[in-house]
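A.B. asks: Protein sequences, first through last, are from chains A and B.
Heads up: the first sequence begins at 1 in the numbering used here, then just goes up one per residue.
Heads up: the second sequence begins at 1001 in the numbering used here, then just goes up one per residue.
The set of hints was computed from the structure by calculation and includes no laboratory data.
Glycine is no exception: its CB is placed at the ideal position from the N, C-alpha and C atoms.
Hints should not be assumed to be uniformly reliable.
[Said to hold, decoys possible] Chain B side only, calculated, beta carbon under 8 Å to chain A, not exhaustive:
(1) T1018
(2) A1081
(3) G1083
(4) L1128
(5) R1129
(6) V1139
(7) P1146
(8) V1149
[What the hints assert, rightly or not] Listed next, with one range per pair, are the computed distances between beta-carbon atoms:
(9) B:V1046 / A:M167: 18 to 28 Å
(10) B:A1081 / A:A97: 46 to 56 Å
(11) A:R267 / B:W1137: 31 to 41 Å
(12) A:V71 / B:L1026: 27 to 37 Å
(13) B:I1117 / A:M167: 42 to 52 Å
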Amino acid sequence: MTPISLACRIDRGAFSLDVDLALPGRGVTALFGHSGSGKTTLLRVLAGLERVPGARVALGDEVWQDDARKVFVPTHERGIGYVFQEASLFPHLSVRANLEFGRKRLKPAERRFDLLAVAELLGIDRLLDASTATLSGGERQRAAIARTLLASPRLLLMDEPLAALDMRRKLEILPYLERLQDELALPVVYVSHAADEVARLADYLVVLEEGRVLASGPLAATLARLDLAANFQDDAGVMIETHLQAHDADGLSHLAFSGGVLLVGRRGVAIDTRVRCRIHARDVSLALERPRGSSITNILPARVDAVGPGGTPGQVLVRLLVGDTALLARITERSRRELAIAPGSAVWAQVKAVALLA
Amino acid sequence: MLDASDFAAIWLTLKLATLVTLLLLLFGTPLAWWLARTRSRAKRVVGALVALPLVLPPTVIGFYLLLAMGPNGPLGHLTGALGLGTLAFTFTGLVIASVFYSLPFVVQPLQNAFEAIGERPLEVAATLRAGPWDTFWSVVVPLARPGFVTGAILGFAHTIGEFGVVLMIGGNIPDKTRVVSTQIYDHVEAMEYAQAHWLAGGMLVFSFVVLLTLYTLYPQSMRGTQR
Chain A
1 MTPISLACRI DRGAFSLDVD LALPGRGVTA LFGHSGSGKT TLLRVLAGLE
51 RVPGARVALG DEVWQDDARK VFVPTHERGI GYVFQEASLF PHLSVRANLE
101 FGRKRLKPAE RRFDLLAVAE LLGIDRLLDA STATLSGGER QRAAIARTLL
151 ASPRLLLMDE PLAALDMRRK LEILPYLERL QDELALPVVY VSHAADEVAR
201 LADYLVVLEE GRVLASGPLA ATLARLDLAA NFQDDAGVMI ETHLQAHDAD
251 GLSHLAFSGG VLLVGRRGVA IDTRVRCRIH ARDVSLALER PRGSSITNIL
301 PARVDAVGPG GTPGQVLVRL LVGDTALLAR ITERSRRELA IAPGSAVWAQ
351 VKAVALLA
Chain B
1001 MLDASDFAAI WLTLKLATLV TLLLLLFGTP LAWWLARTRS RAKRVVGALV
1051 ALPLVLPPTV IGFYLLLAMG PNGPLGHLTG ALGLGTLAFT FTGLVIASVF
1101 YSLPFVVQPL QNAFEAIGER PLEVAATLRA GPWDTFWSVV VPLARPGFVT
1151 GAILGFAHTI GEFGVVLMIG GNIPDKTRVV STQIYDHVEA MEYAQAHWLA
1201 GGMLVFSFVV LLTLYTLYPQ SMRGTQR
């Protein structure tokens, strides 16, 4: 798949945006930032919903906007799919007619997906003949995602599709979003301000702040960057790709990664399955000697790579290397002083919690 | 009871109202769309012009339209150049005058309905590969249906109820420009109260039923045409 290029400058006084990005044309790219960082505007420019003078937008060698050459491809000719924050189902149509809206505008040969198969994938196959008004918030958003997929987009744009939902609905939709990736191989650009959501879904991460790109790179490496960690505040932490190595009889599973093994509560996951783990900086503490008599299961030998500001007064973030895998730890400035932690120190990292993302 | 001239007046009234309503839907829809979507400063000026018939006495509108349609008026020049003569005191002239007179009753409900739809459904349609024209028919028209029904009913009913403009432009010529409202006036002038009663009562019942139907179908239209 060809990469996406997106260059855009806006200066509206209070709001300014100055971005020149090349995004991979595969997997899930997350545009992460707080509100006002310009992430939604970028997505709208990419979709052609907003026409910013001077912006340049292209998918591979297909130019969507280039004002110097007077090129502007309208949204409906870009072949994109867009999932809005609120489901925005058409109230005058049934669920089925909503799903068919984009699909029936395609030539039969262009229809990549079967209506029933997509409805099943998103768990709304039994709601097809319902009126949209009877759907729950989670069902509405799933129907909106199905409707978008059925229009066979070449690129899927998602603007905080979970933000309007409560935690339970989020957890209900997330697995479907993961399945989309596993089963459809559709490039996605995903806007979010939730670090954990990004860690779970994305492969590539762009961090935006006040209209500027702070970082743009592969997810794991970018999340582990000390200079960005403050942007994630309490959610600062790394994502580690592991594979399930073994199940123990006492209810623990072994997750192997390039720096060693993590033990986690047993999951119904088959041996050799790839599992994404998230370790928050707040859940990692440091010791100079291997702690004895600790109830913590995951204690890993590590080397300090760098120390940086923690975003909150009195705290620092420490970047560790376990083998060649990076971890972040949030400790107090006092502990850092008393343990004399500096780049190069050998330490033991005690990991209090490992979140399994998939 | 009613005589032939009464039936002729009723028939002419219905013909006039139907034609005017259709014309208003045809021209009022793009106008209302523009008013609902534009960010131009001209919006306020055009909006005020459209609303003028709500506040002006019909005789004022009739007077200026009469001047415009006269041999020395701009419309008169145009129709003269096209070899159509003048429009004053003709059915066509009456139709044109009625379109102006009933304009706000169609444009304002449509404009409100279009504004209520908002940007989002149009954006959703565009991301689902519907072009602007397609979106208009498949999303805007169904979502704005209450506006279309309200506009059509109010435009129709208001045209039937007009009197001042008809008198100024139409001149009350039997079979050409004599509608029910002017016919009633004639009956009263001639002391034919029984016939006046039949027509007036008919108008009363008709108008009441129309409004009752409208408010039953779309209670939100009770707030009137003014925003």
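A.B. asks: So, for every hint listed, does it hold in this structure?
C.D. replies: Going down the list of hints, with the structure as the test:
Annotation: interface hint on T1018 (chain B) violated; nearest CB of chain A at approximately 27 Å, more than 8 Å. About 40 Å separates the beta-carbon of A1081 (chain B) from the nearest beta-carbon of chain A, more than 8 Å, and the hint is not met. At about 44 Å, the closest approach between the beta carbon of G1083 (chain B) and any beta carbon in chain A exceeds 8 Å, and the interface hint on this residue is violated. About 3 Å separates the beta-carbon of L1128 (chain B) from the nearest beta-carbon of chain A, less than 8 Å, and the hint is met.
Below 8 Å, beta-carbon pairs count as interface contacts, and R1129 (chain B) has one with chain A at about 5 Å; its hint therefore holds. With a cut of 8 Å, the hint placing V1139 (chain B) at the interface with chain A holds, because the nearest CB-to-CB distance is about 6 Å. Residue-level restraint check for P1146 (chain B) is violated (minimum Cβ-Cβ distance to chain A is 11 Å; threshold 8 Å). For V1149 (chain B), the shortest C-beta to C-beta distance to chain A is roughly 14 Å, which exceeds 8 Å, and the interface hint is violated.
At roughly 49 Å, the beta-carbon separation of V1046 (chain B) and M167 (chain A) lies outside the given 18 to 28 Å, and the hint is violated. For the pair A1081 (chain B) and A97 (chain A), the supplied restraint of 46 to 56 Å holds, since their beta-carbon distance comes to about 51 Å. Separated by about 51 Å at the C-beta atoms, R267 (chain A) and W1137 (chain B) break the suggested range of 31 to 41 Å. Under the hint 27 to 37 Å, the C-beta atoms of V71 (chain A) and L1026 (chain B), about 35 Å apart, fit the expected range.
Remark: the range hint 42 to 52 Å for I1117 (chain B) to M167 (chain A) is contradicted by a beta-carbon distance near 32 Å.
Consistency with the previously given hints fails for numbers 1, 2, 3, 7, 8, 9, 11, 13, ordered from lowest to highest.
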